[in-house]
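A.B. asks: The lines below spell out each chain.
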Amino acid sequence: MSKARFLPVLPALTLIAMLGPVIAGIWGALGPAFGHLPAAGLIGPNLSAFGALFEWAGLPRAAWLSVSTGLLATSLSLIIVTLLTAGWSCTAAFRFLERLLSPLLSVPHAAAAFGLAFLIAPSGWISRLISPGLTGWDRPPDILILNDPNGFAMVAGLVAKEVPFLLLMTLAALGQTKARRSVAVAQSLGYNRTTGWLKTVFPQIYAQIRLPVFVVLAYSMSVVDVAVILGPTTPPTLSVQIVKWMSDPDLSMRTMAAAGALLQLALVLGVLALWKGGEIVISRVGRRWAMAGGRGTWDRLFNGVSIGFGATSAVVVMLGLLVLLIWSVAGFWSFPNLVPDAFTLKNWMRHGDGVSAALGETILIAFIATGIALILTLGCLEAEYRHNLSLSARGMWLLYLPLLIPQTAFLPGLQTLLLNIGADIGRGPVIIAHLVFVLPYVYLSLSEPFRAWDNRIGTVAAALGAGPDRVLWKVRLPMLLRPILTALAIGVSVSVGQYLPTLLIGGGRVATLTTEAVALASGGDRRAIGVYALMQTGAALVPFMIALAVPAVIWRNRRGLRLG
Amino acid sequence: MDKSLLLDTVSISMNGYELLSVHHKISAGEVLTIMGPSGVGKSTLLSYITGTLPGAFDASGRILLHGEDITDAAPHKRKVGILFQDDLLFPHLSVGGNLAFGLPKGGTRAERADKVNAALAEVGLEGFADHDPDTLSGGQKARVALMRVLLAGPCALLLDEPFSRLDATLRDQIRSLVFQRAKAYQLPVVMVTHDLDDARAAGGEIITLSAANSGGVAP
Numbered sequence: 042m043s044k045a046r047f048l049p050v051l052p053a054l055t056l057i058a059m060l061g062p063v064i065a066g067i068w069g070a071l072g073p074a075f076g077h078l079p080a081a082g083l084i085g086p087n088l089s090a091f092g093a094l095f096e097w098a099g100l101p102r103a104a105w106l107s108v109s110t111g112l113l114a115t116s117l118s119l120i121i122v123t124l125l126t127a128g129w130s131c132t133a134a135f136r137f138l139e140r141l142l143s144p145l146l147s148v149p150h151a152a153a154a155f156g157l158a159f160l161i162a163p164s165g166w167i168s169r170l171i172s173p174g175l176t177g178w179d180r181p182p183d184i185l186i187l188n189d190p191n192g193f194a195m196v197a198g199l200v201a202k203e204v205p206f207l208l209l210m211t212l213a214a215l216g217q218t219k220a221r222r223s224v225a226v227a228q229s230l231g232y233n234r235t236t237g238w239l240k241t242v243f244p245q246i247y248a249q250i251r252l253p254v255f256v257v258l259a260y261s262m263s264v265v266d267v268a269v270i271l272g273p274t275t276p277p278t279l280s281v282q283i284v285k286w287m288s289d290p291d292l293s294m295r296t297m298a299a300a301g302a303l304l305q306l307a308l309v310l311g312v313l314a315l316w317k318g319g320e321i322v323i324s325r326v327g328r329r330w331a332m333a334g335g336r337g338t339w340d341r342l343f344n345g346v347s348i349g350f351g352a353t354s355a356v357v358v359m360l361g362l363l364v365l366l367i368w369s370v371a372g373f374w375s376f377p378n379l380v381p382d383a384f385t386l387k388n389w390m391r392h393g394d395g396v397s398a399a400l401g402e403t404i405l406i407a408f409i410a411t412g413i414a415l416i417l418t419l420g421c422l423e424a425e426y427r428h429n430l431s432l433s434a435r436g437m438w439l440l441y442l443p444l445l446i447p448q449t450a451f452l453p454g455l456q457t458l459l460l461n462i463g464a465d466i467g468r469g470p471v472i473i474a475h476l477v478f479v480l481p482y483v484y485l486s487l488s489e490p491f492r493a494w495d496n497r498i499g500t501v502a503a504a505l506g507a508g509p510d511r512v513l514w515k516v517r518l519p520m521l522l523r524p525i526l527t528a529l530a531i532g533v534s535v536s537v538g539q540y541l542p543t544l545l546i547g548g549g550r551v552a553t554l555t556t557e558a559v560a561l562a563s564g565g566d567r568r569a570i571g572v573y574a575l576m577q578t579g580a581a582l583v584p585f586m587i588a589l590a591v592p593a594v595i596w597r598n599r600r601g602l603r604l605g
Numbered sequence: 491m492d493k494s495l496l497l498d499t500v501s502i503s504m505n506g507y508e509l510l511s512v513h514h515k516i517s518a519g520e521v522l523t524i525m526g527p528s529g530v531g532k533s534t535l536l537s538y539i540t541g542t543l544p545g546a547f548d549a550s551g552r553i554l555l556h557g558e559d560i561t562d563a564a565p566h567k568r569k570v571g572i573l574f575q576d577d578l579l580f581p582h583l584s585v586g587g588n589l590a591f592g593l594p595k596g597g598t599r600a601e602r603a604d605k606v607n608a609a610l611a612e613v614g615l616e617g618f619a620d621h622d623p624d625t626l627s628g629g630q631k632a633r634v635a636l637m638r639v640l641l642a643g644p645c646a647l648l649l650d651e652p653f654s655r656l657d658a659t660l661r662d663q664i665r666s667l668v669f670q671r672a673k674a675y676q677l678p679v680v681m682v683t684h685d686l687d688d689a690r691a692a693g694g695e696i697i698t699l700s701a702a703n704s705g706g707v708a709p
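First to last, the protein sequences are chains A and B.
Everything in the first sequence is counted per my numbering, starting at 42 for the first residue and increasing by one.
Everything in the second sequence is counted per my numbering, starting at 491 for the first residue and increasing by one.
The hints are simulated quantities; they were obtained by calculation from the structure and are not laboratory data.
Note that CB positions come from ideal geometry on N, CA and C, so glycine has one too.
Among these hints, one or two may not hold up.
[As the list claims (entries may be wrong)] Per label pair, the in silico range of CB-to-CB distance:
| id | chain 1 | residue 1 | chain 2 | residue 2 | range |
| --- | --- | --- | --- | --- | --- |
| 1 | B | 499 | A | 469 | 57 to 65 Å |
| 2 | A | 598 | B | 654 | 39 to 47 Å |
| 3 | B | 611 | A | 589 | 37 to 45 Å |
| 4 | A | 352 | B | 506 | 53 to 61 Å |
[To be verified] Within a straight-line C-alpha distance of at most 30 Å, the following computed DSSO-like cross-link-like pairs (lysine-lysine) qualify:
| id | chain 1 | residue 1 | chain 2 | residue 2 |
| --- | --- | --- | --- | --- |
| 5 | B | 595 | A | 515 |
| 6 | A | 285 | B | 493 |
| 7 | B | 569 | B | 605 |
| 8 | B | 515 | A | 515 |
| 9 | B | 569 | A | 515 |
| 10 | B | 595 | B | 493 |
| 11 | B | 493 | B | 515 |
| 12 | B | 595 | B | 605 |
Produce the entire structure from the sequences given, and follow the hints as far as they go.
C.D. replies: Encoded structure:
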């Protein structure tokens, strides 16, 4: 019966695990941002850090890059996903693309960015494909495609990764609307399919994917690993610059980093407000458009564009992984040859020790963080079931909050806070930092199947004399094995992909596959990058395969639990 | 000992609005049938008896089983078995596993297996213990669900539209099996249904609820 007293505490514990580090991090940034950092001999409060920040010549450009790349990547991803769903849902092509895109969701951002870089760089695969035939190049041309000053390469990398995410969210939302019937009605009134969908279904869908869209916007504005690999360098985006200041040996630079973190937070909140304003404008214009009665003249063009972009984003990520694989086994590879002159396993052997150590660290952190997240999530959901506590719409916002606050806004402050209180920076705090991002995804993925479980089965089991704990362990959890394993796989892939929490909270002493891979970005050793990025992808993908395989084996004689 | 189920001035309401009220004593081996269209709250009466009344409802009155007040007991301590219109067999357990789940603790593994096999034989399903419940026919599932309830050794049986998913010929067969078993085990039975044939076959008293929410006793 100790469980009965333990269970009601779990929802509170979950909130603390999710929001505690975020609030502590922002709190921890306030002191240094106002010039108070005793560790560096600085006593505040004063405005010197903000003064230095605003004197930095690169600031306007860095801040603008954060805003422009974030807005561009989010709008493009949303437009592609919307037009794709509007024009193609329920078709064979759409189902094919959906199957193609779903596994790509778990490919870590850094690996996808490296893959894209190896495709589009002047010496990349596309350039090799058309050289020297079309271009006449026999040496890589000296043009700036990667790290272009406007951040277009970075936007491309973000779009390729956010399209699968938003598509999955849209599909989940579609199940809860009467989309098919709305389109059928619109079509019977003479509307083209895409226009009919946009005018009738989109408003319902958007209301449901709004929070995920906000997450994409906040993430794109403040992402660090993708920006380091694909983004501009002089100046970089604000978030990258904050991380640079944080790793400066001169401790006083941390006050600038803290001031920058608060600026980054303000920028994200400002752009979120701007986006909300945009929603109002678009809904007004959209209503007028819907009532204007146009039946859709440009549908064919829209459909062509959307399937083109959707397919491209899938193909880019997959080709990127292929190029990573080739580089990882490449011997000498001269330009413009399409394949290496020789293949070798030397790269893998050379990096074998480093990769295994990083893999071990990655798996350890991912499994502990995901395990804790799973226990907290199941505890919350079971407490909700037993005590009739349910999460309100406001609660949903709390769940999304850690994903809406930019990582660069609270992680620097969290690191400073940990240093100030003399806490040991290392694996433990890194796991707690990962938990902040793993928990919401595990919760979001598991809550729906958990609640969809037929409560009458619980009644039947109780009527057979089974107490609440026995019902949970012997009936509910076994029946939910598949969604539980899927939630675990999602948690692990989220943890594997984390760059900034590992780097900042680990104080550079915790080396995972992701931190090692991103650290290689500036060196340009493509063979090493290939090895590390592939391992990173594997660490994120293999749990999904396990999540598919295990229930298939365990329930091989249970038809009722096979995929329906 | 008195082996009856007493519903002592039970009343269920929602937002201060009474859905039904029942005062009735069901003796061992007898069936009380609650009839009425869907939506009048027939099933909420059963969930009050099993102790799983949803939070949106308020209920008053006592439930006495074998003379013992079980109104505030935990659902799993009440010894009240229930059959729904779906068989609700646990999909992750074998047919035998489902029966063993309900069998009270105790005995060696061989003794428990014997009891399970005997129960299966009682309804013509000998040798089915290792089968996947999802591979059974509708009638076989219904029989397994019935034996699962009976093996748990309940003191009362509740039936929530238990035959409505079965086709006509199967329905008669399962219905008489259930009532015959309940009689043999001397269980007081409360059945909720909207099918008059069910009510007639039960042979006991019938309470008809109307949308006007009054519980009247019919002969």
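A.B. asks: Within 39 to 47 Å: is that where the Cβ-Cβ distance between residue 598 of chain A and residue 654 of chain B falls?
C.D. replies: 30 Å, violated
A.B. asks: Are residue 595 of chain B and residue 515 of chain A close enough, with their CA atoms no more than 30 Å apart?
C.D. replies: Cα-Cα ~15 Å, so holds.
A.B. asks: Tell me if the beta carbons of residue 611 of chain B and residue 589 of chain A are separated by a distance inside 37 to 45 Å.
C.D. replies: For residue 589 of chain A against residue 611 of chain B, whose Cβ atoms are near 39 Å apart, the range 37 to 45 Å holds.
A.B. asks: Take the C-alpha atoms of residue 493 of chain B and residue 515 of chain B, compute the straight-line distance between them, and say whether it is at most 30 Å.
C.D. replies: 10 Å, holds
A.B. asks: Need the status of pair residue 285 of chain A, residue 493 of chain B: alpha-carbon distance at most 30 Å?
C.D. replies: Violated, because 79 Å separates the two Cα atoms, which is more than 30 Å.
A.B. asks: Hint check: residue 595 of chain B vs residue 493 of chain B, CA-CA at most 30 Å. Holds or violated?
C.D. replies: Distance ~23 Å between residue 595 of chain B and residue 493 of chain B Cα, so the pair holds.
A.B. asks: For the pair we were handed, residue 595 of chain B and residue 605 of chain B, check the Cα-Cα distance against 30 Å.
C.D. replies: Judged against 30 Å, a Cα distance of about 12 Å means the pair holds.
A.B. asks: Verify the proposed pairing of residue 515 of chain B with residue 515 of chain A, using a straight-line Cα cut of 30 Å.
C.D. replies: Between residue 515 of chain B and residue 515 of chain A the Cα gap is close to 35 Å, so the pair fails against 30 Å, i.e. violated.
A.B. asks: For residue 499 of chain B and residue 469 of chain A, compare the CB-CB distance with the range 57 to 65 Å and indicate the outcome.
C.D. replies: Given a distance of about 60 Å, which is inside 57 to 65 Å, the answer is holds.
A.B. asks: Just to be careful, I want the Cα atoms of residue 569 of chain B and residue 605 of chain B compared with a cutoff of 30 Å; is the pair within it?
C.D. replies: Status holds; Cα separation ~19 Å.
A.B. asks: Taking only the CA atoms, is the gap from residue 569 of chain B to residue 515 of chain A under or equal to 30 Å?
C.D. replies: 19 Å, holds
A.B. asks: Could you say whether the range 53 to 61 Å given as a hint is met by the Cβ separation of residue 352 of chain A and residue 506 of chain B?
C.D. replies: 59 Å, holds
Hint violations for this structure: numbers 2, 6, 8, all remaining hints satisfied.
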